[in-house]
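Enquirer: What follows is each chain in one-letter form.
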Amino acid sequence: MELHHLIKMANEIGGFFGQMPREEAISSTAAHLKSFWEPRMRREIIAYAQRDGAELHELVRAAVLRLEMPTPPRAG
Amino acid sequence: MQSINDQDLGTPARHAAQTITLEVDGREVTVPAGTSIMRAAALADVMVPKLCASDNLEPFGSCRLCLVQIEGRNGYPASCTTPVESGMKVHTQSEKLTSLRRGVMELYMSDHPLDPFECKAGGKCELHEMARVVGLERVRYADHGRTHRELPVDESNPYFSFDPSRCIVCSRCVRACDEIQGTFALTIDGRGFNSQMSPGQHQHYSDSECVSCGACVQACPTDALMEKTVLEKGRADRAIITTCAYCGVGCSFKAEIRGDQIVRMVPNKNGLPNHGHSCVKGRFAWGYATHPDRVTKPMIRQRTSDPWREVTWDEAIRYAASEFKRVQRQYGRGAVGGITSSRCTNEEAYLVQKLVRAAFGNNNVDTCARVCHSPTGYGLKTAFGTPAGTQDFDSVLAADVIMVIGANPTEGHPVFASIMKRRLRAGARLIVVDPRQIELVHLPHVAADYFLQLVPGTNVALFNALAHTVVTEGLANEQFINERCDPKEYAAWRAFIADPVNSPEATERITGVAAAEVRAAARLYARGPNSAIYYGLGVTEHSQGSTAVLAMANLAMLTGNLGRPGVGVNPLRGQNNVQGSNDVGSFPHELTGYRHVSDPQLRAQFEAEWHVTLDPEPGLRIPNMFDAALDGSFKGLYVEGEDIAQSDPNSQHVAAALSAMEIVVVQDIFMNETAKFAHVFLPGSSFLEKNGTFTNAERRISRVRKVLPALAGKEDWEVTCDLARELGYPMEYAHPSAIMDEIARLTPTFAGVSYAKLEQLGSVQWPCNDVAPAGTPVMHVGEFVRGKGRFLPTAYVPTDERTGPRYPLILTTGRILTQYNVGTQTRRTKNVTWHAEDLLEIHPHDAEQRGVRDGDWVEIASRAGAITLRAHLTERVQPGVVYTTFHHPESGANVVTTENSDWATNCPEYKVTAVQVMPTTRRPERLPAGQLPESARLAGK
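Chains as they are written, first to last, in this note's numbering: chain A, 5 to 80; chain B, 103 to 1043.
Isolated chain B (complex conformation):
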């Protein structure tokens, strides 16, 4: 069922330079060549009856309801599959057409409940609507003959049901699964009367390849496929457009509401990141927002061994502020700091960093991007001048060669993956660089031309080998380099990269990838003509994360793959607002727009706006805060929306650091692991309970709109303002729009951003200013932001994390589709149906050597600690490499990760941990959501 108030024009828009003018029911209409008669009619405000057509699916022509007559032509062609022609005169209504349509509708309705009130879609299903439109008054065949009414309902999916007795076999669901999602999980099984939509091969939904994206449910014109929440709560009466709070794709959604309850989330067909598509998390896994575990009362305690005491907001804020002030008096101004989160809005992150800089009077503010994409910031800013992805998502549709590096889009960024798969099905070539065989490597309709399965930790060696091949085989785009890049730096880099030490043959023993494969992939990428890089944390979370980003930038500049659609270097951001929280000044060395705090003119601008004197020195990063806490010079922390105790590496080190602090204030929607070390808990608001903006991985700023009242009574930005006021630094805003106005006043790349513009345009990609008032989909067109592109030598330096006799395997980590990060949200939804526990993937060869069978419990021991997981034998990982996800707290993956980090940014090296794996009789502790295993905990003070 489509979202309420959505207009469906029947078939997709066509883009063509040539336009066609025709006449529909006497109305003249001009449309791009290739447009269907149905769409042209709809654009002329003539709605042709339809059932199998929808404007997000290619025309199919099966329902025979959209028949029309065309002057000068015989017959009754389907308007959905007939393209317009110049001078056509189309008639959509006639006695004959009415008769034909009624005949068709009568057959449909003969096998369907006639009474609209029986319809589970609340009397609003398209089938009943079309019966009314065509004037069907009675059905002659309803009482006799065979029907499908006794077929059993498939309730196997936790979020929607499939009632085949209500199915009209229009194939919209099948086509949605094929064309939009690209999974091909559904089919029409059987022939004639026995035709029936079937997931997989006569399977239930839960047993099929279905990924529960919900595209089929949205496509269904009847009540055959329905969200269970709609069946329980009834159809919504209004909708509010907002932005998903999961991954960095930042899908636009319509939150459909009835009374004060959300009925369902429907992807917004006008949303530019997702074009009306979604994944299982965004569409269905929002129940955590009202989960009973939500904490809605402020709480304080003097010692972490004391029980929590519920207090008023005033008392909690007063206590927190007084403790921060005491600590600063006792230990110095730099003894406190704050952490913002990528789960928070731009406005919230901006306020936290403002509080730290202006009220605390130091720059000890950092954000969780520290542990994911901080190397992206360093690398892309150094090479191009802007620490952000170069393209919009739709750019991938113009790519000829797609290189996916250290990312798993079908699991981590599923909606973007669907767009990418569409392009791949249309013929783009694919190179995958990953230690583990991700799904994209081989799917029924998508396969990688080259899968470079490298040893974890050797990205830089591989990227250098690719660049070496391009340079030494004469494939460099010298014209682009001459025009766009610094010649001196290029010359130095060229000499470096041409050294045989960087050749595929030399690096083969490091990376484990055959030289011939590397050379072939390099040739493919270089020849494009449009080649695009998409990468994830498999690039950044390494000791050479920043070097690897620079190496990718070198490769893109070398081949001229920047500054136009279809190319670029594109980080796939893990969380919804990684980009935004960085943009608005969450890093300790930068104010908004990535400008260094040491710039006196810049500080003067902020000082004039904020009425304070700012510290010119960079502050502590998150890992530095932990180190400073352990040496006694850092004693207080304000953490908003981030669970550092669970998500940061070497959990025991983090726990010790938090235990050494005298005031820890946690602001979150759940009692998370960090809160166990806290003295003040301030209840947060979910994305459904507040106003603000998120900025996705394509730099797109989208509105977050308040759908529900804040459960704890305050939106997060209000809490930060309250704390600042109590600290003696009032921050007064009437609405988050005023916060964005302040960001825009202070930040050249945001100068043109306002809530009014977001209302007008829907969303906008920064830079948005006088030069680009409607935003910037593709960056570095004609010239890099920094002027000349910068080539830098990127010598491969092996990580200090070495394998050896004690720890002979390398552990690397990743995500699964249905869960999100440490699972705080998704484990509180029915998504647990699909991923009850984290597993350790191990190659059968390694398993056999250790006597490990599939399903056995194994201990994974590193230099930092040990955890217990169940083993899963698979050849997706190579010998010598094991892999796990980190969605369940009892897995405690960060118990084993070490403190090795990226040289430039201190981003932890999550992706390479030397481990030993052995069978064990121990079992992991089963813990409530958000709690670490005992082995990872230290006693609170």
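Chain A on its own, in the form it takes in the complex:
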């Protein structure tokens, strides 16, 4: 997946929930990513947040780091 695109999308999600109190904003952003992002997208953004995450807004990075790394895909 295009990482830059994922970062932009994640930051936009955080932009909406960022209006809420911090804890609620982080948990809502994390819940949104878990609900709507396919595992390979989550894997990529989590890996990015773990290794660097500099382009993620601070709140978004915190939300991404709360996500559980999805298990790799099973064979077809």
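It is worth saying that the hints were derived from the structure and are not from the lab.
Incorrect hints may appear among the rest.
Unchecked claim - For each label pair, taking beta carbons as the anchor points, the in silico distance ranges come out as:
1. P907/B x P25/A: 39 to 45 Å
2. Q404/B x P25/A: 53 to 59 Å
3. P946/B x E27/A: 52 to 58 Å
Beta carbons: idealized from backbone N, C-alpha and C, even for Gly.
Dock chain B against the given chain A, drawing on the hints supplied.
Expert: Frame of chain A, contents of chain B only:
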């Protein structure tokens, strides 16, 4: 000419608590107060002769054929214009009445062909029928005196002709245009003998304001106004009720058939979305179904550079299945997916998502609502608990204030617009929020009280300013909020919205709308008392589309405008089955009824029914599929009824993604642009060739009935079943009714839906279950589906798509009445008469700065690409904004649109693209239907 087998009671029904009992020809009948004698008689099975009366028009009293006698009264009143009174004794037959009626009929017939076989209505016109009914045997004046028989026929409309020599000047056509359509295009010109029906001012139909809805043709009691198809094929001998396949109004139609051919489509007077009305597309533009471009043989090819090879159904299905299996073996279970379409039936969409989830074993299924109303789903579900419009269409007739936001109903949803205009003519107030002056802003009989012409992309700022005004001026409905909404969330939202940053004065520099106008509109909306919001893609197709839907929901809750007729938040869905395809589980994160795949109890229910283990993780959305294709992890796609290569944003990106896939299977009625990247083409069936259901924008489920045999031999649902079987997952159904039964078993909101119920009720609005066995016209009565209504802060965030020196203008897009979306259907009909090309609307100020004159060719360049259109100078758009439609492939509007999308749903931001417009000597390529310009194409593999 009315539809065959329709009974006409003469005048419209009246609704009154008081009833009146009277006697007609000795028969006692009880009717609501205000009912005409004519209708009361018809309800007592006494048919009074009539010509100018029809039960879809207000009584007029001109033909003088419906005269009756009333005991105790002098004279012979017209039964159509005389209301019933208690104890009345009416006589419809007497020697005197017969004499009077024959006299009237004799005059009519003196200027009309006497022989019924000369009648172009197949001997069935009402005039000849009434001549027979009144016993007219001869006409004394037929052979001398002046007549109208030499008047020329107006053939200018492509779908119907007007022969004034057959016109009896009953005014039914004029009244239909006025009362039903609301266009007022027709008139009776001249006086006395010179009286003649005339479109516009002595104009041909094609030159007048006529919108070709056909209401006049249906109203005509003679053969003066006739569909050309009836003149060519003769009168139908039977009719089948079905549902239109164009916009989300979902009009009910009678397909009239003679032999194995459709003669005409007539709107069903008992159809609840449309009440017997239609638009030019639904009534006339159905010829595409038998267009020579239809592909009727399955085809395969190994590489997209190879020529197509016609094969049997078995070979095509086998090849498709084997390739999907190979790709999954090679790249993983998640390397394939499917796309359903809003043009498909509920049953078809359900089967495609079932195939993906059960046979592919993942949740990589999405639908074209992704690119239109997915923010509606997110926003309304979050705020109210249900991702659907809150009202039925007729609710607008109880609205006092109507706010139309980012929608153009007279062009995009014309039949609903006619109902809305009727309410506006009756006194409802109108607020229009749109970057462009839509027709509703100013019509001869309808005008907006406030036209908030905002800068594209600033909806949220404007909605916040409206809500700020309501809150800070003490106009909030605190009682409703206290009873119906979450108090903690309301308190937090109230603090947010009351911040001066959201005031009209502060947002004026963002939206471009004067603060005083915003405040006045907010007061009007808040005071209602019944205020209703109707919105379209001008709200959803933005980077803040979901935020905007939430902001509208906030506004409706704030003012208590939910849970009763006349109010609500109502999406006007673009396609016929946007609502339905979403309802039946087409989104990658939801099973039917909008329930998340991560719910183990829910999955267990489906697993028991489907006998498979389901993936608990959400799948890829359409744009995610493209991204995954480009990174090599998504290699196969099954697309039913959707042309993603033409309709999705940034065409070059889509083309690259499709080119990167190893198996693309397209199921469609035409060889569309996506098929150029396909390896298997499975011929689809049009809405006239299959059984199923559509669900319209008011959640109304209506039957689609098979009118013609499937040209390719299979209905679409059968093809999906065949593919699933070959993939090793048999899906066996005897009929689409069994598919709906399965949906009902698995979906609480559909639990009471069945084909038997649809036969019985005609249609039904979900939720339909034990609580509401006849369906639910108005939602959230007494309580929101989610319990307490949810206010959420909706801060305005500007889009990343910014104007600047290189791209100083904002391009926004819309539709025109006669064409539909990318034009796949309508460009294959005579509707091309009215819209030969897409034009770029540009304000004269912007045009002058660039040296552009009306009609000049201009290049529109964005960060994504460039296209060429002809310029049309108009003040309908504001300076700094340009506008075009996207109905013609050579326009390639999606060549310039970008990949910016809604934060919550990835719905593309079609409505805001920064562009530069300059004169050019280039010309767009002229292409066959369904083909993109070369600039948008990449070489296939």
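Enquirer: Now tell me, hint by hint, if it's right for this structure.
Expert: How the hints compare with the structure:
no. : hint                       : in the structure
1   : P907/B x P25/A: 39 to 45 Å : holds (40 Å)
2   : Q404/B x P25/A: 53 to 59 Å : holds (57 Å)
3   : P946/B x E27/A: 52 to 58 Å : holds (54 Å)
When held up to the earlier numbered hints, the structure conflicts with none and fits them all.
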